[in-house]
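Chemist: Given next are the chains, with one letter for each unit.
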Amino acid sequence: AQSVTQLGSHVSVSEGALVLLRCNYSSSVPPYLFWYVQYPNQGLQLLLKYTTGATLVKGINGFEAEFKKSETSFHLTKPSAHMSDAAEYFCAVSFSYKLIFGSGTRLLVRP
Amino acid sequence: EAQVTQNPRYLITVTGKKLTVTCSQNMNHEYMSWYRQDPGLGLRQIYYSMNVEVTDKGDVPEGYKVSRKEKRNFPLILESPSPNQTSLYFCASSFVAGDEQYFGPGTRLTVT
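Protein chains in written order, with the working numbering: chain A, 1 to 111; chain B, 1 to 112.
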């Protein structure tokens, strides 16, 4: 069965530090890949997506992710964390007609 | 404004009392889906719809029903709610299956 694994249910960084949120998926074919962000008491908002083409994808709020087929990974990064980045982040993979989500990573940003 | 709306946003009910959560999108999307979000489990798909009158089960369909009689609406029906259906529910839509999905604000359901 297809699956998405996000390493670390909680990640804590200092303001200004690098943000790295990990996502690995299982698939025998290149999927469509997404990162969503959920702020408290809100729905999910798309950060970025990979469909085809360039493997380094830039999204909103300074985030980017790189699709590495050989590692079946799609890690999310941001060079410098801001307090407003504190939220829960979900990696998702599109398989056929379904969107499979990881269990989420809550990002905490320390002043 | 392009959006997905859900109603109600909050609902407390008792075991066995039938309820419906409505979902509507104004983007002319073909694909719509329902998810439930539980701590530590991420979002799990309940049902999805490829187009009007075309629906199919997701990963956790037990205890839920859906219908798609109009393109814009995709209600979620709990015929006999149970406490294990206490959760946060999201409706989402996209132009086609596999494309980025737009999410509603969520419905927090508590079944006592």
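These aren't lab readings, by the way, just hints derived from the structure by calculation. Glycine included, C-beta positions come from ideal geometry on N, C-alpha and C. Treat the hints with care, as some may be off.
Have a look at the derived ranges for each label pair, beta carbon to beta carbon [as the list claims (entries may be wrong)]:
1. A:Thr52 with B:Pro83: 21 to 29 Å
2. A:Ser103 with B:Lys65: 24 to 32 Å
3. A:Leu108 with B:Phe95: 33 to 41 Å
4. B:Ser67 with A:Leu46: 40 to 48 Å
5. A:Arg110 with B:Ile77: 26 to 34 Å
6. A:Ser84 with B:Glu1: 35 to 43 Å
Chemist: State, for the Cβ atoms of A:Thr52 and B:Pro83, whether the hinted interval 21 to 29 Å holds or is violated.
Modeler: At 44 Å between Cβs, range violated.
Chemist: Quick check on a hinted range of 40 to 48 Å for B:Ser67 and A:Leu46, using CB atoms only.
Modeler: Hint violated: Cβ distance 27 Å, outside 40 to 48 Å.
Chemist: For the pair A:Ser84 and B:Glu1, does the Cβ-Cβ distance stay inside 35 to 43 Å?
Modeler: Since the Cβ atoms of A:Ser84 and B:Glu1 sit about 23 Å apart, the hinted range of 35 to 43 Å is violated.
Chemist: Does the Cβ pair A:Leu108, B:Phe95 satisfy 33 to 41 Å?
Modeler: holds, 35 Å
Chemist: Taking 24 to 32 Å as the hint, is the beta-carbon distance of A:Ser103 and B:Lys65 inside that range?
Modeler: At 27 Å between Cβs, range holds.
Chemist: Starting from the hint 26 to 34 Å, judge whether the C-beta atoms of A:Arg110 and B:Ile77 obey it.
Modeler: Given a distance of about 44 Å, which is not inside 26 to 34 Å, the answer is violated.
Against the hints set out earlier in the document, violations occur for numbers 1, 4, 5, 6.
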